[in-house]
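**Q** All chains should be built: construct the whole structure from the sequences, respecting the hints.
Chains as they are written, first to last, in my numbering: chain A, 5 to 351; chain B, 5 to 351.
It should be emphasised that the hints constitute simulated quantities derived from the structure, not laboratory data.
Idealized CB from N, CA, C, for every residue including glycine.
Heads up, some of the hints might be wrong.
Unchecked claim - A short list of chain B residues far from chain A (calculated; beta carbon distances all over 12 Å):
hint, residue
1, Asn17
2, Glu28
3, Gln44
4, Glu68
Said to hold, decoys possible - Okay, the calculated beta carbon distance ranges per label pair:
hint, chain 1, residue 1, chain 2, residue 2, range
5, A, Gly104, B, Gly258, 30 to 40 Å
6, B, Gly104, A, Glu196, 28 to 38 Å
7, A, Ala83, B, Tyr259, 40 to 50 Å
8, B, Glu213, A, Arg87, 42 to 52 Å
9, A, Gln44, B, Lys182, 19 to 29 Å
10, A, Glu213, B, Asp35, 51 to 61 Å
11, B, Glu202, A, Glu196, 22 to 32 Å
12, A, Ala83, B, Asp35, 40 to 50 Å
13, B, Arg263, A, Glu196, 28 to 38 Å
2 protein chains.
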Amino acid sequence: MTRIALDAMGGDNAPVEIVRGGVEAAEKLEDVKVILVGIQAQIEAELAKYPKAVETARKAGRLEVVPASEVLEMDDEPAKSVRAKKDCSINVAMRLVKDGKADAFVSAGNSGAVSASAIFNLGRIRGVHRPAIAAVLPTRRPIRPLLLLDAGANMDCHADWLVQFAIMGSVYSRAVFKRTKPLVGLLSIGTEDCKGNELSKETFPLLKEVKTIDFRGNVEGHDVFQGQTDVVVCDGFVGNVVLKTAESLAHAVGYFLKRECFRGVTRILGAMLLKGVFKSLKQQLDPDIYGGAPLLGVPGAVIITHGSSTHKAIFYAVKAGANAARNDVTGLIARDIAEYEANRKTL
Amino acid sequence: MTRIALDAMGGDNAPVEIVRGGVEAAEKLEDVKVILVGIQAQIEAELAKYPKAVETARKAGRLEVVPASEVLEMDDEPAKSVRAKKDCSINVAMRLVKDGKADAFVSAGNSGAVSASAIFNLGRIRGVHRPAIAAVLPTRRPIRPLLLLDAGANMDCHADWLVQFAIMGSVYSRAVFKRTKPLVGLLSIGTEDCKGNELSKETFPLLKEVKTIDFRGNVEGHDVFQGQTDVVVCDGFVGNVVLKTAESLAHAVGYFLKRECFRGVTRILGAMLLKGVFKSLKQQLDPDIYGGAPLLGVPGAVIITHGSSTHKAIFYAVKAGANAARNDVTGLIARDIAEYEANRKTL
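**A** Laid out in structure tokens, this is it:
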């Protein structure tokens with residue numbers, strides 16, 4: 005049984021959607037145990053909404069509540085507050101992973117707070133300079149999501165860090181998305197080798213030397229959603245801006261379609277006939293089903309989902325956490341990072 | 005009469021679409037003269053397709069051809085080749101501006117080459133550290149386009165440069181888009197003052213001190229398409245990646261809709277009923293009508309349009325060039341930059 009410590013208090017829709025998603029995961033996912041972590045009374049109140057599913061899951065040992073006495077508020081300064089609030093749900097859940105009582109961690113809470121708690125409680129995988137958040141983006145090809153990292157854990161990066169991001173992203177793509185030979189791109193402003201800023205130009209030749217990745221050179225913003233690359237690396241400032249801009253544009257398109265399709269009877273009829281198209285567009289633009297962003301480089305499967313996560317996003321995030329744990333992402337990263345660093349020393 | 009030097013040889017669709025757009029501009033825009041610059045025989049061959057419009061425009065002194073003996077190829081290294089090919093169409097057209105024979109310059113050629121030629125031939129406006137490309141993006145609000153700069157002229161930037169980008173973008177927004185009080189945002193990863201990378205954190209307090217702009221603080225990628233800001237500043241690496249990623253996503257959505265809407269009779273019927281919606285979505289996502297990206301900070305109205313520009317994009321770019329020239333963007337930038345730099349020295 006793969007045990008997932010689920011932060012019941014994190015995110016805009018906590019605890020309602022988190023508990024619901026957790027119950028669904030405990031009910032439907034094979035060999036998964038969901039450990040809900042947070043204010044016990046609030047969690048139990050939510051669990052009471054699904055008496056039958058909860059009873060079945062509890063009997064099968066697939067659902068548990070672990071109390072946490074504190075909650076991080078959205079306006080708490082993330083890094084500081086995870087140190088100050090020792091018993092907040094994020095820390096309590098993270099310690100379950102540290103102590104071997106859970107195999108993976110899932111939260112829709114502040115990504116800065118989760119990253120800080122992970123590094124504070126779990127430390128880093130040996131040899132890893134900086135853990136990175138790998139955002140999972142949909143592409144033109146439905147079955148080929150893209151890992152974009154770092155998506156916001158590290159602002160000003162060194163070339164060495166980006167190289168490790170490429171190694172860690174490749175491991176995740178192979179282990180979890182089952183890409184046998186994930187293609188790695190370096191985000192830049194042109195596909196020519198010489199294009200870019202100081203960081204990307206310094207990173208380029210280093211990536212060419214990494215034996216465990218399949219580096220395909222620079223990729224432009226134009227290429228991101230084309231589905232030709234599996235892992236794209238950049239610093240966390242660029243990654244975060246790209247990620248949020250893309251989300252913003254997708255929302256703007258959705259907003260526009262919704263507004264325009266209800267203007268007049270003809271359009272409403274047309275929209276009804278195209279219901280399937282809009283539904284599948286929404287699904288394809290919806291990153292929820294890819295299961296949230298793993299924090300790579302910490303010794304433990306840590307999944308961060310969107311602050312606005314619904315029960316569905318939580319369900320898939322629990323699934324992603326279970327996948328990451330079962331496929332030993334941590335062990336594989338440790339191996340590939342050690343191999344790379346050993347090779348570098350002998351050069 | 006505002007005279008526009010139009011590079012007839014630049015872009016994927018040159019000279020066909022460029023000449024067509026130029027003729028349309030000469031025909032329809034008030035008080036505009038179009039000077040087509042490039043290989044004369046090729047331009048004349050294209051002009052021969054529109055005998056009536058060309059004859060009328062020529063009689064009215066609104067269309068002229070200025071020959072250039074060389075053309076930049078796409079694989080030429082931009083900065084180098086504008087120095088090597090002294091008589092390429094970009095340089096010849098730029099010199100018309102320099103020599104006072106044209107009031108504005110328009111090209112769909114390589115943006116690096118245009119920027120290099122502009123700086124090489126025109127120099128910089130006094131006090132400007134670095135000219136910047138200001139991309140014009142559509143937002144949720146149709147009448148409120150956003151200027152994003154730098155969109156790719158300068159990779160690694162200093163805080164001082166970003167401050168000037170904000171000043172120059174505000175001038176353009178006021179002069180050309182007629183925003184009376186353009187709101188300026190600093191692209192970052194969170195709206196809190198303290199969020200960002202080293203560059204943005206250094207830039208933030210400087211922007212607060214600029215008297216000629218209305219600085220509203222950090223904006224996230226989430227805010228870009230919301231239409232709440234008129235000018236967003238960032239370094240040219242980030243700006244270029246954001247711009248191209250957004251284009252990539254918009255294309256992916258268009259591709260998806262096109263593919264799905266032709267699957268079965270019901271959907272085709274629905275798509276027909278929603279024809280107006282799709283058309284207006286396409287228009288709204290289509291940056292062509294905003295008339296290309298001005299290169300701000302050089303003494304002259306220089307407009308760079310997309311490499312894939314059609315005649316329509318060229319038409320609007322000529323219009324934008326005329327607007328920039330008539331509204332004396334150069335003079336206003338010179339004034340505001342001088343004022344800012346004088347204020348700084350007295351501090």
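**Q** Could you work out which earlier hints the structure fails to respect and list their numbers in ascending sequence?
**A** 5, 8, 9 and 12
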